[in-house]
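Chemist: Protein chains in written order, with my numbering: chain C, 1008 to 1300; chain S, 34 to 505.
Read the hints as simulated data drawn from the structure, not as lab findings. Given the structure is predicted, the values throughout are model-derived calculations rather than measurements. Please note that a few of the clues may not be correct.
Below, computed lysine-lysine pairings styled on DSSO-like, alpha-carbon distance capped at 27 Å [as the list claims (entries may be wrong)]: (1) K1204/C to K137/S; (2) K91/S to K137/S; (3) K1107/C to K137/S; (4) K1054/C to K1177/C.
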Amino acid sequence: MIDTILARDSFLLSTELRLFWLVAFLYGVSLFLHIAYLLTKKNSVGKAAAGILWGVVVVHAGMILFRTVEAQRAPFQTLYESLSWFAWSASITYLYVGRKWKDIYLPGIPVTILAMGASLYALLSRSPAVEPLSPPLQSWWFEYHVILAFLSYAVFVVSCSIEIVYLLIKPCLKKGKSSGYGLDLNNIEAFHRTSHKLVLFGFPLLTFGIFSGAAWANDAWGRYWSWDPKETWSLITWTVFAMYLHSMTIPKWQGNTASVFNILGFICMMMTFLGVNWLAKLLGIPSLHVYAV
Amino acid sequence: MKKNEIESNQTIIDKAGNKIWNFFSSLKLIITVFLTLAVVSIIGTVIEQGKPPDFYTKEYGEKIAHYVLSIGFHDMYHSWWFLILLALLAANIIVCTIDRFPQKWETAIEKKYGAEPRFIKNLANSAHFTVSGDVHDIKIKVAERLKKKRYKIINADAADGASIYAWKGVIGRFGSDVTHVSLILILVGAIIGNFWGFRGYVSINENDAVNAPQADFKVRLDRFWIDYYNTGEVKQYNSLLTVIDNNKEILTKQIYVNEPLIYKGTWFYQSNYGVAYDRIREAQLILKNKKENKQIGEPFKVKWYEPFKIPGTNLTVNLVGFISDFGFDEKTKQIYARSLEHNNPAIAVVIYDGDKPISDSWLFLNYPDVFATIPNSDYNLTFMGYSGLYYTGLSVNNDPGTNIVWIGSILMTVGFIFAFMIFHKRIWVNIKRGENGVDIYMGGMINKNKILFEREFSELVESLKAKWEVGK
Chain C
1008 MIDTILARDS FLLSTELRLF WLVAFLYGVS LFLHIAYLLT KKNSVGKAAA GILWGVVVVH
1068 AGMILFRTVE AQRAPFQTLY ESLSWFAWSA SITYLYVGRK WKDIYLPGIP VTILAMGASL
1128 YALLSRSPAV EPLSPPLQSW WFEYHVILAF LSYAVFVVSC SIEIVYLLIK PCLKKGKSSG
1188 YGLDLNNIEA FHRTSHKLVL FGFPLLTFGI FSGAAWANDA WGRYWSWDPK ETWSLITWTV
1248 FAMYLHSMTI PKWQGNTASV FNILGFICMM MTFLGVNWLA KLLGIPSLHV YAV
Chain S
34 MKKNEIESNQ TIIDKAGNKI WNFFSSLKLI ITVFLTLAVV SIIGTVIEQG KPPDFYTKEY
94 GEKIAHYVLS IGFHDMYHSW WFLILLALLA ANIIVCTIDR FPQKWETAIE KKYGAEPRFI
154 KNLANSAHFT VSGDVHDIKI KVAERLKKKR YKIINADAAD GASIYAWKGV IGRFGSDVTH
214 VSLILILVGA IIGNFWGFRG YVSINENDAV NAPQADFKVR LDRFWIDYYN TGEVKQYNSL
274 LTVIDNNKEI LTKQIYVNEP LIYKGTWFYQ SNYGVAYDRI REAQLILKNK KENKQIGEPF
334 KVKWYEPFKI PGTNLTVNLV GFISDFGFDE KTKQIYARSL EHNNPAIAVV IYDGDKPISD
394 SWLFLNYPDV FATIPNSDYN LTFMGYSGLY YTGLSVNNDP GTNIVWIGSI LMTVGFIFAF
454 MIFHKRIWVN IKRGENGVDI YMGGMINKNK ILFEREFSEL VESLKAKWEV GK
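Go ahead and model the full structure; you've got the sequences and the hints to work with.
Modeler: Okay, structure coming up:
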């Protein structure tokens, strides 16, 4: 009986792994095409890059759904699952945000780098085993907390990608050179505003993510805040984005200072998501949040 | 002369006060404080917090450890300078909020009647068109249109025309204020918890009651058990707890990880568990014939301190002691527990013949039949097994600041909804009888999200124009 279950599980798992390799490969293809677009400035190449990304998002969604059904729970418990979810949610958020753009493909480069990187990291060094929910994770708050946190992550990824493209393209436009990447002096500010709007959306999500995490911690560990590295880094991320939002209200700072905070916020967010795990390993600091698998 | 001196002193104080006020109301200070908090928090995640001093000496060496300890980086979040940073942040937020509030309030409640066309033309969004009809009639139609769009309206009639002021979403202007107040509340709640909160730990054996720490009631553990998945992984740790207050059983609740017991502001959390080292629930024994070493009858179970009469004999057994890892000190002739592990379990039993105690001895699980347990008889008693007694480990927490933090969190949610989803939109309309008919001047503005309003405003203008078929 157990043998049949194991055989079935390992069959499903190997199918899923093959699918995930395909997904990672396709993220890579999309990245390659995005870079080709950067070099050739041909809209057809950009279109192909975005098209591939649409395709891989659909396949990846199917894969995540498959695992959800298989594990009979939300698909973001282990780090393997979280990385997969991160890659997917960042990609789909990017595609959704950019759905009305006309021939703007450059933010796809950072997005596909992250999506491919996260997928490869999951595949190469994380255990794909389906773990049942351990007692601390069996909470009403678990799914809400993670959904909110990851939604904010995805939003910040896209916001930062736009910010980077803006910072790189704007000086070219100011010198009078046309950039040739679908951006000109007429639409670049509107393009940049998307980044601000995304943070306005992501910041409350991050805040609610922290609140729900605190409520959960209060239920599970008896304290809503314990200055655990993950908690602290999420607060640092929150602080940096708060600074970004406030500097956007100072006209002088709206330009570069705010942009720096936005990118810094993204870096802090990556620290919150992954950095603390490495930090914990590197320094041997125990964290309640570090995934066991 | 004297009067002048007093006055100049007064101005100095005023000036100083203004300077301090300006210092705290600067947005740049808030960003500096935020930045400082972020940077020191990073240090807090790199240096492990709350360890004994020796730990840092070992980790960083004498010299650096000295700095870490004297600055307080080892317990940063409770250090005086971290608290000062938080206080600075709080002061900054309060001053900023108060500083900007009056002007916001003015704008919010300001109702401009009779706005002139010149004023309207200068607004961020404006339109002008001419229609034919009666001024009063047109005013009512425009007002109705605005009301349909959920604007609140006041209007006034003038000699040769009329004017309307319409507004909605004024609460959106105060989103940031609500957010700031909520942040202060969270800080206050955290500080209250820091100073007046209590954290502790108790372990309770099954069927035992203990005094709740720093409280005037008792808690009893009725049962502890573990649930497993089919695959063998732990699913849940459970404790059935009963609160006893004034010798009365008040309530019984099953707690588990993520589901605490709350009574009189004290929270009890499932934290860990174990098997008691000095007590068991029951022992399994068997009676044997000494000479032939053959068992007599069936094995039987004896419960803790519940005398048991062995069937078919005149003997009664009472289980009176247990040690999980039996040790015997040769020098002092003392019995002791070598560890809390169950390495060498032993039970103490008293055996009665009728009412008369005849034996008082230790039986060993790992060494059966080593010691004669019932002297001067044909029988021997063998210790076969036992079921241990669980204890549960509970984190105990009483934090009077928690609810303030939750109120702050909810308020911040409300503040975000106000700030990010509700916008203050204002529209001024001037209706004037002109040479070619009735001139309608319409203008409006929004406090943020200008693109959203541009669209809404032009739609509104178009729908009004359509009403009178202007331009067709």
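Chemist: For every hint, state whether the structure bears it out.
Modeler: Results of checking the hints against the structure:
1. K1204/C to K137/S: Holds, at about 23 Å.
2. K91/S to K137/S: Status violated; Cα separation ~56 Å.
3. K1107/C to K137/S: Roughly 36 Å between the alpha carbons, so the hint for K1107/C and K137/S is violated.
4. K1054/C to K1177/C: Given pair K1054/C, K1177/C holds - Cα atoms ~23 Å apart, limit 27 Å.
Comparing the model with each earlier hint shows violations of hints 2 and 3; every other hint is respected.
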